[in-house]
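Just so you know, the sequences run in chain order U and H. If you use numbering that gives the first Met the number 0, the first sequence corresponds to residues 0 to 481, in order. If you use numbering that gives the first Met the number 0, the second sequence corresponds to residues 0 to 481, in order.
Simulated from the structure, these hints should not be mistaken for lab results. There's no promise every hint is true.
Identical copies look the same in the list; a pair holds intra-copy or inter-copy alike.
With a Cα cut of at most 20 Å, we get these calculated SDA-like pairs of lysine to any residue [to be verified]:
#1 K304 / T467
#2 K5 / Y188
#3 K215 / T203
#4 K378 / W220
#5 K215 / A204
#6 K315 / K457
#7 K425 / A305
#8 K189 / L86
#9 K416 / N327
#10 K189 / H374
#11 K192 / A204
These are the residues of each chain, in order.
Number of protein chains: 2
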Amino acid sequence: MASLAKFPNYTNQTLDSRRISHLHSRTKAFHGQISFRNSNLSFNLSSNLNSKRSSRGMRMVVSASLIEPDGGKLVDLVVPVGPTRELKRRQAERLPRVELERIDVEWVHVLSEGWASPLRGFMREAEFLQTLHFNSLRLDDGSVVNMSVPIVLAIDDATKQSIGDSTKVALVDRRTNKIVAILSDIEIYKHNKEEMIARTWGTTAPGLPYIEEAIKSSGNWLIGGDLEVIEPIKYNDGLDNYRLSPAQLREEFEKRGADAVFAFQLRNPVHNGHALLMTDTRRRLLEKGYKNPILLLHPLGGFTKADDVPLSWRMKQHQKVLEDGVLNPDSTVVSIFPSPMHYAGPTEVQWHAKARINAGANFYIVGRDPAGMSHPIEKRDLYDADHGKKVLSMAPGLEKLNILPFRVAAYDTKKKKMDFFDPSRKDDFLFISGTKMRTLAKNRESPPDGFMCPGGWKVLVDYYDSLTPPETNPKFREAVPA
Amino acid sequence: MASLAKFPNYTNQTLDSRRISHLHSRTKAFHGQISFRNSNLSFNLSSNLNSKRSSRGMRMVVSASLIEPDGGKLVDLVVPVGPTRELKRRQAERLPRVELERIDVEWVHVLSEGWASPLRGFMREAEFLQTLHFNSLRLDDGSVVNMSVPIVLAIDDATKQSIGDSTKVALVDRRTNKIVAILSDIEIYKHNKEEMIARTWGTTAPGLPYIEEAIKSSGNWLIGGDLEVIEPIKYNDGLDNYRLSPAQLREEFEKRGADAVFAFQLRNPVHNGHALLMTDTRRRLLEKGYKNPILLLHPLGGFTKADDVPLSWRMKQHQKVLEDGVLNPDSTVVSIFPSPMHYAGPTEVQWHAKARINAGANFYIVGRDPAGMSHPIEKRDLYDADHGKKVLSMAPGLEKLNILPFRVAAYDTKKKKMDFFDPSRKDDFLFISGTKMRTLAKNRESPPDGFMCPGGWKVLVDYYDSLTPPETNPKFREAVPA
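Take these sequences, add in the hints, and give me the full structure.
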């Protein structure tokens, strides 16, 4: 009789590695340590199994081929350069129009480059229901890919009316009035906001950032279909060069000869705790026999909540961290992940991991309470801090990804540096939360030595300076004597 | 490149049969019609594939072997008859005690007989998280079984405290103070009620029956572990003979030489619309080559909401339906399904189907809005009426089950009988909802001829008579002249 699969218990000190399926093993890290299923180095570099598997006691030859994207082929929904674009644009001009808000355009961007492969457009109801109930999609060949957040487009009653019997619509950026894409073979179905929110966020409490911004006042219908994006989505904010598509990232990893790619998702400034983890991961991958593990430092570039540091400042900060030598530019690719942020904890972390598979990452670093936040109306965190990494280790469709959970890093007041938290001398450690970090920078106070490289910290202080209204900014007050 | 699986669109008139996976085909019914994947009768009788598969154009030989239970072997958690029982009972007396409410005992019953196979006790956190996020459990061999509702046991702070470091607890029925079971290798974890409710019901609106009864005032911790049930759960309500375990049902089906078992879950009196569907299903299974399809008429016997007809009256009504010849006793097994009712729509219908696989059913009939109810605070149904059957057809772990969705039956005022609703002459049909049916019976009014067999209807009227308080009951009022 088959027994239930055992998943690692992240509250124990010992590593509980195990076989997840016939096809795929999964490499596990624990409390800052990466450990592998077989002590003699049998791990799964990629799902296409080009790497030679170890036989008893033999070292594995690590292949340089990248992990296969979900569905086998990276989806690319941008109309090829050339006369077709003009043709499509003119075709679109005759179609019923659906207006896109900022976040909708971000999803068009995400879909167009294949981050959500094999999804080819906004979800129809069959995809939507599978996402809500199973966090995964079944493919025609019976295999399963992960898909945990609904990628949907809402329309209101009037728009639905105006579409009538048309099987196609033009998607138009409301801010520019520019046609962005054509959605074909459309399906319109009910937008049950309450159910979608409850099943995605595990709460219906008011005040969740994405819901307030993108769902609350959206229409009562969802429209799904196949997307053709007229031309690549650009933001013209000086950062488009950092917005590498999954195909471009794969090209870059191949150019660099990466034999392992480990992704680090973030939406905050990089402090030395993060850096410790990333350098430690690389060191261990090298120890395990990889010759050239490449870090994908992958800040989220879409919608974030109002008190997060804006993308442009975060990018400046990340640049300083590389300039200051905290991370090694030779083994690091910094790029922007175009997705908006849901703050949906264990549900969203699956999306963050899945999208990185499509970009070629076969190792994914996951920390405490990924994509978590405070409960909007109760005095507690919305999600259990351990659920993110647990759910990630169990998620259907992510078996081919090596999940690297890690112990939280904190400031060690004895060693005067960021280090992995040691519960046996817990009083030596200082936890500096995102809120605490922001408050320090806002007040132009310095964090303890070794928390963040000085160049990076200065960027943060500059950011908060730029926010301070003139009348309360000391620099300006000095210039205007009372 | 793999493409997304297409699921049948139940709003169309045409059947969209398709292959779900390499291993399993799925038989589909549509608008009261059962259709099969290949017109030359290639369908999947059971997952253990004992039946000979059709080759091109040849008729398949249908085997009598029943569908395999989830996990390969039916779980049985009752301590074997004999001295071990007394031993276990004495062992339990020395353990910390956890008190069970009525619904907890119903879950012990469900677990003990293997309805939730391969689950061997109340869920630990790893099972709980997989249920909440994926509605399924991964087994050690990498395969997946369906598991959509959390089967959990809540304890309060004081009970947690009293358990201390013990690895085992005794489960005690609070109503009788009798030891029911031992739970071993226990794991205690947080009971985040809001998240569990949101992800299971798709709403957190107050007033849902199961939540009010079993969750709202329950403790802040969940306790999981392996269950050993001292002796079979009995209710001593005169109906225990109807409570066949999955093993007993399988024995019965084999005794009868069933070559197909089709299950009908219900928690309402059987009207002729239900009967039409069941007899029609049998007719079509016979047409398709089965020699002896057996109906499992399977009323739910656990907790139901206050305005549902109680089990004892429903059983009387079902008995009348068989006596009156509406259903054929020779091809029908009436038994009680011991699970409590969640009223959790698309999430719960998966549980209802999965449990019947374990009882040997390989066909499952699903109607409009299964396990649905009105939204507790808004004027609408809680779930989309089509989502239940759609989600069921997509659900991981249910691929081996043949899902038989059917068109709603209604009273045809022209034919003066229950028939499948024909939208082309919709004004001829009268919809008699559960509420309407109950109101008619309560007022001792008769439904239209042909809605329900007279014997069955009389049981309903008798039930409502038995409820009416003496002062408003005409029979009693006559006896007490004003």
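- Message: When the structure is checked against the list of hints, which entries are broken? Sort them ascending.
- Response: 7, 8
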